[in-house]
Amino acid sequence: MIQLSYLDYLAVEGKSWLHRLSPKLKIIGMVFVLLGIVTLRNLPGLLLLYAILLALFLISRVPLRIFPLTLYPLIFATLFIFISGFQIHFILLIFLKVLCGSTGVILLLATTPYPSIFRILGKVLPSLFVTALFLTYRSIFILLEVFEETQHALYLRGGFQWRHPWRSLINISNAFGHLIIKGIDASEKMYEAMLLRGFKNKIHYRGE
Amino acid sequence: MSHIHLPDGVLPVWLWVSGFIVAILVEAILFRFIKKEELTRRLPLIGMMAAVMVLGASVEIVPIAYHVNLTVISGILLGPSLIFLATFVVNVILALFGHGGITVIGLNTLTLSIEGILGYFLFRLFWRVLRRLTLAIFLATFFALFISTLSMIGVVSLGTSHYKELIHQEGKGVFEFKLLKEKGDHQEGDTEKREVNLKRFIAIVLPLGFIGWILEGVITSLVARYIHRLRPDLLRLEKETP
Numbered sequence: 001m002i003q004l005s006y007l008d009y010l011a012v013e014g015k016s017w018l019h020r021l022s023p024k025l026k027i028i029g030m031v032f033v034l035l036g037i038v039t040l041r042n043l044p045g046l047l048l049l050y051a052i053l054l055a056l057f058l059i060s061r062v063p064l065r066i067f068p069l070t071l072y073p074l075i076f077a078t079l080f081i082f083i084s085g086f087q088i089h090f091i092l093l094i095f096l097k098v099l100c101g102s103t104g105v106i107l108l109l110a111t112t113p114y115p116s117i118f119r120i121l122g123k124v125l126p127s128l129f130v131t132a133l134f135l136t137y138r139s140i141f142i143l144l145e146v147f148e149e150t151q152h153a154l155y156l157r158g159g160f161q162w163r164h165p166w167r168s169l170i171n172i173s174n175a176f177g178h179l180i181i182k183g184i185d186a187s188e189k190m191y192e193a194m195l196l197r198g199f200k201n202k203i204h205y206r207g208e
Numbered sequence: 001m002s003h004i005h006l007p008d009g010v011l012p013v014w015l016w017v018s019g020f021i022v023a024i025l026v027e028a029i030l031f032r033f034i035k036k037e038e039l040t041r042r043l044p045l046i047g048m049m050a051a052v053m054v055l056g057a058s059v060e061i062v063p064i065a066y067h068v069n070l071t072v073i074s075g076i077l078l079g080p081s082l083i084f085l086a087t088f089v090v091n092v093i094l095a096l097f098g099h100g101g102i103t104v105i106g107l108n109t110l111t112l113s114i115e116g117i118l119g120y121f122l123f124r125l126f127w128r129v130l131r132r133l134t135l136a137i138f139l140a141t142f143f144a145l146f147i148s149t150l151s152m153i154g155v156v157s158l159g160t161s162h163y164k165e166l167i168h169q170e171g172k173g174v175f176e177f178k179l180l181k182e183k184g185d186h187q188e189g190d191t192e193k194r195e196v197n198l199k200r201f202i203a204i205v206l207p208l209g210f211i212g213w214i215l216e217g218v219i220t221s222l223v224a225r226y227i228h229r230l231r232p233d234l235l236r237l238e239k240e241t242p
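Chains as they are written, first to last, in this note's numbering: chain A, 1 to 208; chain B, 1 to 242.
Since the hints were derived computationally from the structure, they do not count as laboratory data.
As the structure is a computational prediction, the values presented were derived from the model and not from experiment.
Just so it is clear, CB atoms sit at the ideal spot from N, CA and C, and this is done for glycine as well.
A hint or two may mislead.
What the hints assert, rightly or not - DSSO-like mimics (lysine-lysine), calculated; alpha carbons at most 30 Å apart, straight line: (1) A:K15 - A:K26; (2) A:K202 - A:K123; (3) A:K189 - A:K200; (4) A:K123 - A:K26; (5) B:K199 - A:K182; (6) A:K15 - A:K123; (7) A:K182 - A:K200; (8) B:K35 - A:K189; (9) B:K36 - A:K189; (10) A:K189 - A:K123; (11) A:K182 - B:K164; (12) A:K200 - A:K24; (13) A:K182 - A:K202; (14) A:K202 - A:K24; (15) A:K26 - A:K202; (16) A:K202 - B:K164; (17) B:K35 - A:K200; (18) B:K199 - B:K164; (19) A:K202 - A:K189; (20) A:K202 - B:K35; (21) A:K200 - A:K123; (22) A:K123 - A:K24; (23) A:K123 - B:K199; (24) B:K36 - A:K200; (25) A:K123 - B:K35.
To be verified - Computed, partial: chain A to chain B, Cβ under 8 Å: (26) T70; (27) I83; (28) Q87; (29) N174; (30) G183; (31) A186.
So that you can see chain B by itself, here it is in the shape it has in the complex:
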């Protein structure tokens, strides 16, 4: 849900370059927590979970027309250190498929991995407190998605001045000159409306997001319940049981 579906060239250069730099730094820090042999051994698993996320993003659930991210369940299964690499890979594959810009891969990785990393820690916390698998997964997914959507809105709002520049580009070039002429006298009145309206964006994203968080929460809970029934060892819950 928090995937920034922005094309290339909309966000300011400093923002997406910073996204790449921070993503690489976070990756380097997280790799410090895992041995190289362990990382090499788990590369096929990372690839497989990344593929599950890519497939999840591409399969529409017919009756409700929604696609899932599966980042939280992947985070729970892979752990916080590996989910970051998996989301990085997912974003590269999705960008190569035209799903989100190439320049926003770094920012997308940061916002999407918040889901995975936060989902992992929240699940451990809720499991310790509630001792009910489906509820713990649902709450962890819901709050992880909520926070990552907020971070996505934060990222989008950081580019406000750049959007203003893009909006006020009108009037430069041949094609724009024609548009300007057609508008004629009411040009001055229009300038008031030509402001960046983040409130409207938030007013659309949050209610849509809310439906997404609920759906993703329900689906992730059901997926986890299925995994728990067949392969409980994958969720590593026995360590948490007193």
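If we strip away everything but chain A, and leave its shape as in the complex, we get:
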């Protein structure tokens, strides 16, 4: 999840042509990528789509450091290939679909700030849902800070040790408990602050 803050940083600070491209166009592009993934059933077509996404990845100057993120979903796809009886064609098809989807999504996130994505989504989805999405996004960063502090404290005090798995489990559970309590306290303060700023079940974005 540390990468989420890095992705956010890249999306805001990036200067490539893909960063400057309208978020609406990028979301439309992502919809086309999804359409391609859903409809394409042959390897050359999917390979071509993946090659286009890789080319976009390289020319948009997104650091290669985040490329492994696009490979992460392959771990779960491996489980699914057991259904096919290890047919090489099916496995390649699934893997390419996974890679196209994850590369497209990571490319979108690394070049488009979240609020811009939410602003576009707000035009087609209920405001309540988009507000919940935005608040979750905001909360992730608040909790990430709390969690990192707790994690450091636990490491410094020897809270995670291979030799003591049960104690480690108790400590990590307590850390999650701490996170939940801190999160609930923070949500109450957040609501009060939002009310003071005139919140009425919808968040307005810059440019609206």
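Let chain A serve as the given structure and place chain B on it in line with the hints.
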């Protein structure tokens, strides 16, 4: 555990479209049980609990290499009406992070929210019967995860005919033609093996799932014990005490 880690384009269109439709309908029905003002007031809490679930899914527990969902504890804290919206949001964020396809968000929401909603009701039931917090939470988590994993397997099995189509796509297109040539004569014998094997999938998912249910159950119990020690009011147990 019941999160369907499927990419886009694997499940048939009718299945994932139905997933979205059912998820939206369930959401609309659940919202009938909660006042709009109450929902608006609790939006930051929903966001915060959704963030806890996203963080839980992204933090690997080092000695045992497992990540938790925290859906059951979130369900207990938020209640059945709000946990559905929270899981919907969690699935959108996770899909935007490449963790599960975008088209399967609806289906993922349905299976994951089963954990939260069922976890809430099972916890109330076990608490009434057993009066022991950690045991009630453990059992509620274990059974909620078991049922949601079964529902995930059910969803995956609904797409069987579509997987067959995908498997039998071989032979169409340039790249596949080359593969076909290499295989040569034993092509006919292969067709027998080219059937969808759900049993193998279930045989892998269920034992792995079992370990997950136990771990999640233990962690959720410990989390609940910690919360009960510091903020017992959050679990709203006093209403249940005779």
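Quick rundown of the hints versus the structure:
1. A:K15 - A:K26: Given that 30 Å is the threshold and the Cα spacing comes to 15 Å, the pair holds.
2. A:K202 - A:K123: OK: K202 (chain A) and K123 (chain A) at ~12 Å, within 30 Å.
3. A:K189 - A:K200: With Cα atoms ~16 Å apart, K189 (chain A) and K200 (chain A) stay inside 30 Å; holds.
4. A:K123 - A:K26: Roughly 15 Å between the alpha carbons, so the hint for K123 (chain A) and K26 (chain A) holds.
5. B:K199 - A:K182: violated, 44 Å
6. A:K15 - A:K123: holds, 26 Å
7. A:K182 - A:K200: holds, 24 Å
8. B:K35 - A:K189: holds, 21 Å
9. B:K36 - A:K189: At roughly 20 Å apart (the allowed maximum being 30 Å), K189 (chain A) and K36 (chain B) satisfy the hint.
10. A:K189 - A:K123: OK: K189 (chain A) and K123 (chain A) at ~28 Å, within 30 Å.
11. A:K182 - B:K164: violated, 49 Å
12. A:K200 - A:K24: With Cα atoms ~26 Å apart, K200 (chain A) and K24 (chain A) stay inside 30 Å; holds.
13. A:K182 - A:K202: Given pair K182 (chain A), K202 (chain A) holds - Cα atoms ~24 Å apart, limit 30 Å.
14. A:K202 - A:K24: holds, 20 Å
15. A:K26 - A:K202: holds, 24 Å
16. A:K202 - B:K164: violated, 45 Å
17. B:K35 - A:K200: Distance of about 14 Å is within 30 Å: holds.
18. B:K199 - B:K164: Within the cut-off at roughly 15 Å; holds.
19. A:K202 - A:K189: Satisfied, since the Cα-Cα distance of roughly 18 Å is no more than 30 Å.
20. A:K202 - B:K35: holds, 16 Å
21. A:K200 - A:K123: holds, 17 Å
22. A:K123 - A:K24: holds, 11 Å
23. A:K123 - B:K199: Violated, because 44 Å separates the two Cα atoms, which is more than 30 Å.
24. B:K36 - A:K200: holds, 11 Å
25. A:K123 - B:K35: Distance of about 24 Å is within 30 Å: holds.
26. T70: Given a least distance of 6 Å, the restraint on T70 (chain A) holds.
27. I83: holds, 5 Å
28. Q87: holds, 5 Å
29. N174: holds, 5 Å
30. G183: Holds, about 4 Å.
31. A186: holds, 6 Å
The structure is inconsistent with the numbered hints 5, 11, 16 and 23, although it conforms to all the rest.
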